[in-house]
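Novice: Each chain, written out:
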Amino acid sequence: MASAEDIFCGLLRLADDHLILGQRVSEWSGHAPQLEEDLALSNIALDLIGSARALYQLAGETEGKGRDEDQLAFLRDERAYHNLLLAEYPNTDFAHTILRQFYFSSFQQLYWQAALESTLPELAAIAAKSLKEVAYHHRHAADWVIRLGDGTELSHQRMLAAEANLAPYLGEMFEKDALAGRLADAAILPDPAELQAAFAADRANILTRASLPVADIESRLSGGRSGRHTEAMGHLLAELQYMQHRFPGQQW
Amino acid sequence: MPPKKQLSRRQLNSPFANLIEAMVEAKSKEDEMTGFTPLWEVFVQPKGALAHKHCGSVHAADAEQALQAARDVYARREEVRSIWVVPSAQIIASEPEAAGMLFDPASDKIYRHPSFYDIPDDIENM
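Protein sequences appear in the order of chains A and B. The C-terminal residue of the first sequence carries number 252 in the working numbering, and the numbering is unbroken. The C-terminal residue of the second sequence carries number 1126 in the working numbering, and the numbering is unbroken.
It is worth saying that the hints were derived from the structure and are not from the lab. Hints may be right or wrong, so weigh each one.
Said to hold, decoys possible - Pair by pair, the computed Cβ-Cβ distance ranges are:
(1) A/Glu-78 to B/Ala-1022: 37 to 45 Å
(2) A/Asp-93 to B/His-1113: 52 to 60 Å
(3) A/Phe-247 to B/Pro-1046: 36 to 44 Å
(4) A/Phe-247 to B/Pro-1015: 33 to 41 Å
What the hints assert, rightly or not - Residues of chain B placed beyond 12 Å of chain A at every Cβ, according to the derived structure:
(5) Lys-1053
(6) Ala-1060
(7) Ala-1075
Glycine residues also receive a C-beta, built at the ideal position from the N, C-alpha and C atoms.
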């Protein structure tokens, strides 16, 4: 049986994935290789942060301690964030950024599809709205993965490097710990383990079309779900939280 | 003379391969940087509007990417129903020097405007 605290923690994981990846992608604003892609990435970042807002609001209401979306997003310590390590992986270069986006979008598209059936109606509503957005993120990112993997010698080499670096993080998306199990049993959140086969098929399809090797999905690096992060996370939070630390309670 | 650009396999397999090759060839002579990403004109049909309207241009390697770029650049805030992208090199334009010959004769033919007729109320879009 899932308690209110379980639901709060489950929503927080989901919200943190979107906030942290949204923050990462937004780092490209003004720096992308061309204007068209600058806007495309900024649009994706805004979609992710928009989903995070809705999820934090719902999490805050579920928790019932009066914490709003800003407090949840900005005023927690590193160990209290429960995002996937993949989401905090540094942008590195455009190949890493776009492959990371493809992986997350592929997973999240399956996740939202399953979440349409959630017994928590507010979550099903967020899933319906986010599904249209993530479908475009998936299309855009997959298109680039194919284009770069099957492109020039240099772009192929960069995609190979990105694939090798990101592969160890993929297994974490499908880990089903006790909390995920309780939430899946109560049909509140989708069972992440059940999404792996469809994700693997989508990934194999796109990587093959991109002339890239398809390595097994590994779970070598994980820990984000229990608050154990990579070194990159502290730097990301320093920037993300700066304004709220400098001007507590500040609003736009 | 800059080195000849190599098209990616994807560009070569596209139905627009010849066109893209010609655009890249022409463009790479004048601009090394954007040689790979030809220019496309973007036409947007807003919701409730009848016709597509030219709204700007994007750089993109091929038609599919041009459509996505157009969506990201020109459909961010507006309510859009449909987008067209057209290779800029395919636009055939009138010569600016011919403007006098082509357009000035119309300016003193006021009777060509429908302003001398009463338009029935139920005629829309005039």
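Novice: Confirm or reject each hint.
Specialist: A quick look at each hint next to the structure:
1. For A/Glu-78 and B/Ala-1022, the Cβ-Cβ distance of about 54 Å falls outside the hinted range of 37 to 45 Å, so the restraint is violated.
2. A beta carbon spacing of about 59 Å between A/Asp-93 and B/His-1113 agrees with the range 52 to 60 Å that was offered as a hint.
3. At roughly 40 Å, the beta carbons of A/Phe-247 and B/Pro-1046 sit within the given window of 36 to 44 Å.
4. Against the hinted window of 33 to 41 Å, the Cβ-Cβ separation of A/Phe-247 and B/Pro-1015 comes to about 55 Å, which falls outside the hint.
5. Every CB of chain A is more than 12 Å from the CB of B/Lys-1053 (nearest about 20 Å), matching its label as outside the interface.
6. With a least beta-carbon separation of about 7 Å from chain A, B/Ala-1060 fails to lie farther than 12 Å from that chain, contradicting its non-interface assignment.
7. Once the 12 Å rule is applied to beta carbons, B/Ala-1075 is inconsistent with being away from chain A; the minimum gap is 10 Å.
Checked against the numbered hints given earlier, this structure breaks hints 1, 4, 6 and 7; the rest are met.
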